[in-house]
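Trainee: Below, each chain spelled out in residue letters.
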Amino acid sequence: RKEVEQDPGPFNVPEGATVAFNCTYSNSASQSFFWYRQDCRKEPKLLMSVYSSGNEDGRFTAQLNRASQYISLLIRDSKLSDSATYLCVVPNGGGGFKTIFGAGTRLFVKA
Amino acid sequence: EAQVTQNPRYLITVTGKKLTVTCSQNMNHEYMSWYRQDPGLGLRQIYYSMNVEVTDKGDVPEGYKVSRKEKRNFPLILESPSPNQTSLYFCASSLFGGAGDIQYFGAGTRLSVL
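Residue numbers (our numbering), protein chains in the order written: chain V, 82 to 192; chain Y, 974 to 1087.
Please keep in mind that the hints were generated in silico from the structure rather than gathered at the bench. The beta carbon of each residue, even a glycine, is placed where N, CA and C say it ideally should be. Don't take every hint at face value.
Sample of chain V residues facing chain Y (criterion: CB under 8 Å; computed from the structure) [unchecked claim]:
(1) Gln-112
(2) Cys-121
(3) Arg-122
(4) Lys-123
(5) Leu-127
(6) Met-129
(7) Asn-136
(8) Gly-139
(9) Ser-164
(10) Lys-179
(11) Ala-184
(12) Phe-189
Below 30 Å or equal to it, Euclidean Cα-Cα: the simulated DSBU-like pairs (lysine-lysine) are [unchecked claim]:
(13) Y:Lys-1038 <-> V:Lys-83
(14) V:Lys-179 <-> Y:Lys-1042
(15) V:Lys-191 <-> Y:Lys-1038
(16) Y:Lys-1044 <-> Y:Lys-1030
(17) Y:Lys-1030 <-> V:Lys-123
(18) Y:Lys-1044 <-> V:Lys-123
(19) Y:Lys-1030 <-> V:Lys-160
(20) V:Lys-160 <-> V:Lys-126
(21) Y:Lys-1038 <-> V:Lys-123
(22) V:Lys-83 <-> Y:Lys-1042
(23) V:Lys-126 <-> V:Lys-83
(24) V:Lys-123 <-> V:Lys-191
Assemble the whole structure, with the sequences as input and the hints as a guide.
Mentor: Pasting the structure below:
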């Protein structure tokens, strides 16, 4: 099992739709998680952090399920500008101070 | 402005010609890291550094060297580049590298090895 696995993309959704991505992790000792957004091979930028059960920021909600070892990202009322690749990140996911990234999920929001 | 700066942004070189990609951060961060990104594989960690003179291997260290002689700088060295090192490289830094730390990324370096 990979240390961090994400839903394979791409997700193609119309504007206004609700879409959800999942990310599973293997290191049960991981305490915090992040969702980063990456536009067209530019640098990843932080979208949300998840330290406990979940986090909400406007149209974005991240949830953590420790028992099943996954985190999810929910995007409501999708905008064209949400089209990007979403990366799940587990700091220390490889043990010690290694950071493990998921391979990313591509989202395309269409008019 | 707080930032991570990588140079060069684009580089084309030939097999075997040593090169260095520089990375500098102005946030007084302890933790710095190098990643490579290849299609379908996401970002993979090459090396990271917890502090000056403290470095450790990530998942894909073969063919790379790093050094951390100053807190702000973390250069990536390819002693003898090969075509399989053609990739998009990112440098990142965070406060301490702890589980709750947010990493800030440079703009990336596109490297092609012919």
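Trainee: Give a verdict on every hint.
Mentor: Status of the hints after comparison with the structure:
no.: 1; hint: Gln-112; verdict: holds, 5 Å
no.: 2; hint: Cys-121; verdict: violated, 11 Å
no.: 3; hint: Arg-122; verdict: holds, 6 Å
no.: 4; hint: Lys-123; verdict: holds, 7 Å
no.: 5; hint: Leu-127; verdict: holds, 5 Å
no.: 6; hint: Met-129; verdict: violated, 10 Å
no.: 7; hint: Asn-136; verdict: violated, 12 Å
no.: 8; hint: Gly-139; verdict: violated, 18 Å
no.: 9; hint: Ser-164; verdict: violated, 18 Å
no.: 10; hint: Lys-179; verdict: holds, 6 Å
no.: 11; hint: Ala-184; verdict: holds, 4 Å
no.: 12; hint: Phe-189; verdict: violated, 17 Å
no.: 13; hint: Y:Lys-1038 <-> V:Lys-83; verdict: holds, 26 Å
no.: 14; hint: V:Lys-179 <-> Y:Lys-1042; verdict: holds, 21 Å
no.: 15; hint: V:Lys-191 <-> Y:Lys-1038; verdict: violated, 43 Å
no.: 16; hint: Y:Lys-1044 <-> Y:Lys-1030; verdict: holds, 18 Å
no.: 17; hint: Y:Lys-1030 <-> V:Lys-123; verdict: holds, 24 Å
no.: 18; hint: Y:Lys-1044 <-> V:Lys-123; verdict: holds, 25 Å
no.: 19; hint: Y:Lys-1030 <-> V:Lys-160; verdict: violated, 39 Å
no.: 20; hint: V:Lys-160 <-> V:Lys-126; verdict: holds, 18 Å
no.: 21; hint: Y:Lys-1038 <-> V:Lys-123; verdict: holds, 24 Å
no.: 22; hint: V:Lys-83 <-> Y:Lys-1042; verdict: violated, 34 Å
no.: 23; hint: V:Lys-126 <-> V:Lys-83; verdict: holds, 23 Å
no.: 24; hint: V:Lys-123 <-> V:Lys-191; verdict: holds, 21 Å
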